[in-house]
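**Student:** Heads up, the sequence shown is in this note's numbering, so the first residue is 13 and it goes up one at a time.
Don't read these hints as lab results, they were simulated from the structure. The reader is advised that the hints may include incorrect statements.
[Stated by the list, open to error] Pair ranges (Cβ atoms, derived):
#, residue 1, residue 2, range
1, THR141, ARG121, 19 to 27 Å
2, ASP125, GLY75, 29 to 37 Å
3, GLY105, PRO158, 24 to 32 Å
4, SER54, LEU113, 22 to 30 Å
5, GLU119, SER54, 15 to 23 Å
[Said to hold, decoys possible] Cut-off 25 Å, straight-line C-alpha distance, at most; resulting in silico cross-link-like pairs (DMTMM-like, lysine to aspartate or glutamate):
#, residue 1, residue 2
6, LYS157, ASP94
7, LYS157, ASP122
8, LYS157, ASP112
9, LYS157, ASP125
10, LYS157, ASP114
Backbone N, C-alpha and C define an ideal beta-carbon position, used for all residues, glycine too.
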Amino acid sequence: MKKLLSAILCAGILGCAGRAAEASGGPFTLIASTIDGGGGTSSGGPFSMTGTVGQPDAGTLQGGTFTLQGGFYAVIAATTGDAVLTIALDNNGNAILAWDLDGFLLEFRDSLDAGPAWQAVSPAPAGRTYLTPANLPTRYFRLSKP
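Build the full structure now, drawing on both the sequences and the hints.
**Tutor:** If you want it as structure tokens, here you go:
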């Protein structure tokens, strides 16, 4: 009985091995690769960054005066000297904009289209906090260093 069971087990393993070879592509070869591109580009001022849906190829790409170093993008980038702008709602339906460093100007735009330029909020905040009704039409804010 043990010999019969062993023979059946061996035949099953050999049969599965043959099927595994067929399922793995037979005469075809699958080569590991990355999915580059397919992400998007973010830009602001003179800077732009293109992201990808897959892992960028490791290594350096060069063309003309440009160089791209492949790898993973950091989730958190250390910045120095930049203020952090926070927005919170109070109990009266106002948006409270606050920032953590002095020396910045709070500006706004009603649209991000190529329309009017950024304008300083009015009246100018006395400190690092600005209060505005939250039920107004869409408005975009930023901090700039004069």
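**Student:** Hint by hint, note whether the structure agrees.
**Tutor:** Quick rundown of the hints versus the structure:
no.: 1; hint: THR141 x ARG121: 19 to 27 Å; result: 20 Å, holds
no.: 2; hint: ASP125 x GLY75: 29 to 37 Å; result: 32 Å, holds
no.: 3; hint: GLY105 x PRO158: 24 to 32 Å; result: 31 Å, holds
no.: 4; hint: SER54 x LEU113: 22 to 30 Å; result: 24 Å, holds
no.: 5; hint: GLU119 x SER54: 15 to 23 Å; result: 20 Å, holds
no.: 6; hint: LYS157 x ASP94; result: 9 Å, holds
no.: 7; hint: LYS157 x ASP122; result: 20 Å, holds
no.: 8; hint: LYS157 x ASP112; result: 13 Å, holds
no.: 9; hint: LYS157 x ASP125; result: 22 Å, holds
no.: 10; hint: LYS157 x ASP114; result: 10 Å, holds
Of the numbered hints listed earlier, not one is contradicted by the structure.
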